[in-house]
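Protein chains: 2
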Amino acid sequence: MTIPATTPEDVSAIVRRAAEAGTAWRRSTIVERVRALGAVADALDAHADELIAEAKRETHLPEPRLRGEVRRTSFQLRLFAEVLEEGTWLDARIDRADGEWPMGAPRPDLRRQLEPIGPVLVFAASNFPFAFSVAGGDTASALAAGNAVVLKAHRGHPQLSARTTTVVQDALAAAGAPRGLFDTVYGTQAGVQALKDPLIQAAAFTGSIAGGRTLFDIAASRPQPIPFYGELGSVNPAFVTRSAASERAREIVDGFVASVTGSAGQLCTKPGVLLVPADSGLDALLAAASLPAPAPLLNDGIAEGFRGAVEATASHDAVQVLAGATGTDGDPGPVLLMTTAAALRADHESLISEMFGPAALVATYDEESEMVAVASMLEGQLTATVVGSEGDAVAAELVPVLSTKAGRVLWNEWPTGVSVTWAQQHGGPYPATTAVGTTSVGAAAITRFLRPVTYQNMPDALLPPALQASNPLGIPRRIDGILTAP
Amino acid sequence: MTIPATTPEDVSAIVRRAAEAGTAWRRSTIVERVRALGAVADALDAHADELIAEAKRETHLPEPRLRGEVRRTSFQLRLFAEVLEEGTWLDARIDRADGEWPMGAPRPDLRRQLEPIGPVLVFAASNFPFAFSVAGGDTASALAAGNAVVLKAHRGHPQLSARTTTVVQDALAAAGAPRGLFDTVYGTQAGVQALKDPLIQAAAFTGSIAGGRTLFDIAASRPQPIPFYGELGSVNPAFVTRSAASERAREIVDGFVASVTGSAGQLCTKPGVLLVPADSGLDALLAAASLPAPAPLLNDGIAEGFRGAVEATASHDAVQVLAGATGTDGDPGPVLLMTTAAALRADHESLISEMFGPAALVATYDEESEMVAVASMLEGQLTATVVGSEGDAVAAELVPVLSTKAGRVLWNEWPTGVSVTWAQQHGGPYPATTAVGTTSVGAAAITRFLRPVTYQNMPDALLPPALQASNPLGIPRRIDGILTAP
Numbered sequence: 001m002t003i004p005a006t007t008p009e010d011v012s013a014i015v016r017r018a019a020e021a022g023t024a025w026r027r028s029t030i031v032e033r034v035r036a037l038g039a040v041a042d043a044l045d046a047h048a049d050e051l052i053a054e055a056k057r058e059t060h061l062p063e064p065r066l067r068g069e070v071r072r073t074s075f076q077l078r079l080f081a082e083v084l085e086e087g088t089w090l091d092a093r094i095d096r097a098d099g100e101w102p103m104g105a106p107r108p109d110l111r112r113q114l115e116p117i118g119p120v121l122v123f124a125a126s127n128f129p130f131a132f133s134v135a136g137g138d139t140a141s142a143l144a145a146g147n148a149v150v151l152k153a154h155r156g157h158p159q160l161s162a163r164t165t166t167v168v169q170d171a172l173a174a175a176g177a178p179r180g181l182f183d184t185v186y187g188t189q190a191g192v193q194a195l196k197d198p199l200i201q202a203a204a205f206t207g208s209i210a211g212g213r214t215l216f217d218i219a220a221s222r223p224q225p226i227p228f229y230g231e232l233g234s235v236n237p238a239f240v241t242r243s244a245a246s247e248r249a250r251e252i253v254d255g256f257v258a259s260v261t262g263s264a265g266q267l268c269t270k271p272g273v274l275l276v277p278a279d280s281g282l283d284a285l286l287a288a289a290s291l292p293a294p295a296p297l298l299n300d301g302i303a304e305g306f307r308g309a310v311e312a313t314a315s316h317d318a319v320q321v322l323a324g325a326t327g328t329d330g331d332p333g334p335v336l337l338m339t340t341a342a343a344l345r346a347d348h349e350s351l352i353s354e355m356f357g358p359a360a361l362v363a364t365y366d367e368e369s370e371m372v373a374v375a376s377m378l379e380g381q382l383t384a385t386v387v388g389s390e391g392d393a394v395a396a397e398l399v400p401v402l403s404t405k406a407g408r409v410l411w412n413e414w415p416t417g418v419s420v421t422w423a424q425q426h427g428g429p430y431p432a433t434t435a436v437g438t439t440s441v442g443a444a445a446i447t448r449f450l451r452p453v454t455y456q457n458m459p460d461a462l463l464p465p466a467l468q469a470s471n472p473l474g475i476p477r478r479i480d481g482i483l484t485a486p
Numbered sequence: 001m002t003i004p005a006t007t008p009e010d011v012s013a014i015v016r017r018a019a020e021a022g023t024a025w026r027r028s029t030i031v032e033r034v035r036a037l038g039a040v041a042d043a044l045d046a047h048a049d050e051l052i053a054e055a056k057r058e059t060h061l062p063e064p065r066l067r068g069e070v071r072r073t074s075f076q077l078r079l080f081a082e083v084l085e086e087g088t089w090l091d092a093r094i095d096r097a098d099g100e101w102p103m104g105a106p107r108p109d110l111r112r113q114l115e116p117i118g119p120v121l122v123f124a125a126s127n128f129p130f131a132f133s134v135a136g137g138d139t140a141s142a143l144a145a146g147n148a149v150v151l152k153a154h155r156g157h158p159q160l161s162a163r164t165t166t167v168v169q170d171a172l173a174a175a176g177a178p179r180g181l182f183d184t185v186y187g188t189q190a191g192v193q194a195l196k197d198p199l200i201q202a203a204a205f206t207g208s209i210a211g212g213r214t215l216f217d218i219a220a221s222r223p224q225p226i227p228f229y230g231e232l233g234s235v236n237p238a239f240v241t242r243s244a245a246s247e248r249a250r251e252i253v254d255g256f257v258a259s260v261t262g263s264a265g266q267l268c269t270k271p272g273v274l275l276v277p278a279d280s281g282l283d284a285l286l287a288a289a290s291l292p293a294p295a296p297l298l299n300d301g302i303a304e305g306f307r308g309a310v311e312a313t314a315s316h317d318a319v320q321v322l323a324g325a326t327g328t329d330g331d332p333g334p335v336l337l338m339t340t341a342a343a344l345r346a347d348h349e350s351l352i353s354e355m356f357g358p359a360a361l362v363a364t365y366d367e368e369s370e371m372v373a374v375a376s377m378l379e380g381q382l383t384a385t386v387v388g389s390e391g392d393a394v395a396a397e398l399v400p401v402l403s404t405k406a407g408r409v410l411w412n413e414w415p416t417g418v419s420v421t422w423a424q425q426h427g428g429p430y431p432a433t434t435a436v437g438t439t440s441v442g443a444a445a446i447t448r449f450l451r452p453v454t455y456q457n458m459p460d461a462l463l464p465p466a467l468q469a470s471n472p473l474g475i476p477r478r479i480d481g482i483l484t485a486p
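Sequence order for the protein chains is E and X. The numbering used here applies: residue 1 is where the first sequence begins, and numbers increase by one. The numbering used here applies: residue 1 is where the second sequence begins, and numbers increase by one.
Estimated spans, in silico, between C-beta atoms of each pair:
#1 E247/X to A24/E: 26 to 36 angstroms
#2 G176/X to D217/E: 39 to 49 angstroms
#3 E9/E to A393/X: 31 to 41 angstroms
#4 T214/E to A284/X: 56 to 66 angstroms
#5 A393/X to P486/E: 27 to 37 angstroms
#6 D217/E to E247/X: 48 to 58 angstroms
#7 A5/E to R179/X: 56 to 66 angstroms
#8 A97/E to K56/X: 28 to 38 angstroms
#9 Q224/E to A393/X: 24 to 34 angstroms
#10 A461/X to S376/E: 20 to 30 angstroms
#11 Q224/E to A461/X: 41 to 51 angstroms
#12 D170/E to A284/X: 55 to 65 angstroms
With a cut-off of at most 25 angstroms between alpha-carbon atoms, the simulated SDA-like pairs for lysine to any residue come out as follows:
#13 K196/X to R222/E
#14 K196/X to M377/E
#15 K196/X to I218/E
#16 K196/X to I209/E
#17 K196/E to P223/X
#18 K196/X to Q224/E
#19 K56/E to G104/X
#20 K196/E to R213/X
Worth flagging that the hints you see were computed from the coordinates, not collected in a lab. Since the model is a prediction, treat every value here as computed from it, not as a measurement. Where a beta carbon is used, it is the ideal one built from N, C-alpha and C, also for glycine.
All chains should be built: construct the whole structure from the sequences, respecting the hints.
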């Protein structure tokens with residue numbers, strides 16, 4: 001049974017209901033939002049078995065991975081509940097009136113907090129049917145921030161999306177959230193229509209560069225442009241220093257291969273380019289590495305895109321196959337390609353591009369300075385990794401360059417497996433994302449669905465609680481410029 | 001003497017030099033940045049007389065206003081120096097490795113801070129030749145954040161721009177900042193070229209809706225789209241309750257007229273629509289109000305635009321002239337137009353639009369609930385004002401609606417005169433701005449020129465100072481989710 005595309009009339013009605021529910025939800029208390037997020041998390045956990053069974057059928061992802069993903073998803077909802085209670089997400093600032101303010105004119109009483117941005121449209125991802133889908137990170141942070149959410153389901157797992165939607169809606173209703181606060185639409189046209197709907201005030205997306213850019217352009221060309229938080233593509237280069245290669249060759253090869261082939265390479269943080277010293281033996285170890293058996297990819301579109309991307313890179317004059325094989329029939333197998341750092345520098349636009357699936361390009365360098373040269377040429381990345389030893393002089397050059405190119409810079413760990421924490425950053429300069437200032441994973445993600453409002457000379461009774469004199473929420477606030485504990 | 005348009009070659013060279021200087025500047029210490037901002041502030045103050053004389057010639061703005069604006073501008077630079085020293089602008093977050101992290105997988109060591117976004121292009125405004133121009137708020141916050149700045153001068157005050165540029169450059173050089181960190185380009189094409197330059201990573205603009213939207217569209221359609229922080233247009237509606245009108249009619253009229261006509265109405269926060277109760281006598285007082293004499297506007301383009309906007313509103317069937325006159329020869333005089341709240345509701349798209357200059361539309365209502373209806377129809381605004389008494393039931397309805405429409409909501413004060421403080425918000429939903437999540441005035445403005453970077457498992461020596469174990473900057477940091485004093 002397939003899910004039919006949502007009709008234009010139904011899309012309009014869903015968005016309108018969401019906007020109405022959002023008007024109530026934005027005035028909800030922190031206690032009410034915490035309860036709602038917890039209810040959704042509990043419901044996901046309670047329905048995990050049946051949801052995972054459906055996800056296995058639709059995505060080909062193995063059960064342990066899916067089970068971990070459900071756990072991550074319910075954890076994420078609970079983390080945002082913690083974020084809400086901690087209170088600094090409101091960024092409450094109180095400047096009391098000051099007749100002597102040195103600007104040259106008296107300062108009025110000004111009180112500023114972050115408020116919900118308005119109804120949010122979330123485009124679900126193919127590769128994380130839970131954590132970046134119906135009840136995923138964007139939904140969690142948008143709801144936490146006080147917004148209604150309309151979700152565009154990914155065509156790769158429609159039944160799971162429908163089933164999860166019911167679980168979320170039932171949980172929200174049981175927790176007392178307004179009806180219509182969360183709903184799902186199906187079909188490309190439904191997503192585009194929702195994105196153009198004047199009631200939608202922000203959109204989030206996880207997917208390909210081509211698809212994300214198309215939607216970004218629609219969001220930017222609306223009569224009222226809206227923020228579009230797209231997480232698109234990333235090569236996630238990794239740089240192995242000479243000393244690391246000589247000290248830990250086997251460990252590096254094992255870690256790299258596991259990171260490239262885990263989830264069949266279908267992770268936005270998969271390391272896609274690895275720079276290694278020539279004549280270090282690392283290339284020989286990689287050539288001999290035991291790669292996992294071919295596995296089905298998420299769907300036919302992704303398999304086809306993967307084959308095309310590998311073929312495009314493999315057919316480059318400067319590239320050979322190092323391990324695995326291209327162009328097999330059946331499921332595409334893991335493959336490692338090989339080139340030189342000199343070739344990367346000569347044609348980085350062709351060679352440094354995402355192959356979404358179990359493939360990576362290994363490039364050998366003669367001088368460590370070539371790594372800095374390649375790093376300087378990079379487009380925006382989600383991650384960049386240095387595999388080194390603490391004394392490496394090149395590391396002190398590489399890390400500052402990579403910090404201008406990537407949202408996360410790693411040392412001696414592999415970039416796959418994005419932990420959901422207070423300090424996580426999952427984003428980066430374009431084309432990694434369309435919104436370099438924000439993250440789609442971690443506690444800071446709530447900020448993207450908020451906007452600042454300042455109240456001037458407002459009577460206490462008309463102020464939102466975070467800004468009232470008695471600090472009824474008991475949160476940290478910046479008072480006359482000084483961060484002040486409750 | 002006019003300033004020639006910057007040639008394409010010179011624009012490229014200026015942007016390239018800025019990018020190079022920015023690479024050094026992003027690694028500058030807080031102490032170095034504080035010194036540079038202070039040096040620019042001191043230099044502005046020291047050259048105030050000569051700069052103000054030039055500004056008077058080019059903008060027709062009166063000397064006291066210009067003198068206040070210079071003071072505001074140097075204050076703003078010093079406030080960002082204070083912001084830098086306080087340290088929370090870095091949003092430093094440290095999650096130490098945690099094998100028991102309840103997500104289901106061990107948490108690595110993750111450390112996140114905000115870093116410079118890259119070279120910033122600032123489009124100067126016509127109406128604030130100091131505070132929103134060469135050394136204005138966007139320049140100050142972009143430099144404070146660690147970015148190079150290329151400024152596009154406004155054609156309304158080219159000589160002042162050139163002179164101020166020299167003052168800024170000399171001060172930066174004397175403070176030891178890298179050469180090329182700040183420079184100015186002239187001419188519309190030069191601005192467009194710089195906006196398209198791949199090295200530019202963000203742009204800020206203060207000006208008209210038409211001009212701002214054109215530039216926003218260019219920024220969004222680059223191969224690499226960049227954030228465009230445009231502050232465009234705003235009507236800044238004000239709502240007078242029945243009780244306020246009966247208690248303080250004279251005070252309201254005087255305050256409103258002063259706010260509409262100050263700086264000849266050429267402020268982006270000028271109140272452009274005033275709702276008053278019919279039969280309150282407020283309209284009669286407004287009709288009899290003594291308006292200031294006509295004064296020259298900033299330049300011929302603005303005068304022409306103002307006459308056209310007033311004429312468009314005045315020619316509407318539902319509008320009459322309440323005080324002053326339209327269509328005079330010579331300098332356009334202040335004018336108050338009059339309509340009804342019912343007419344606003346019937347045709348808000350025609351009637352609620354910016355008239356940049358000394359004009360406003362007064363609308364009478366029969367029921368206070370009509371104010372809520374009008375508020376609900378508004379587009380995005382920089383400000384919205386309620387003039388009321390504390391017991392007014394309608395205020396409790398109006399304020400929450402206005403907080404969804406405006407970046408600043410005022411009570412019994414007028415919106416002109418934007419104080420530069422920690423809690424200020426100067427921004428709002430489109431078309432007030434193109435970036436609803438940010439402010440162009442106040443301490444929070446620094447955030448728009450920063451982007452987050454997380455370091456994973458990074459050795460202490462390779463971490464930026466804000467994230468090192470010993471907290472060498474002595475700043476507040478979020479450690480394992482808990483905001484921690486230094």
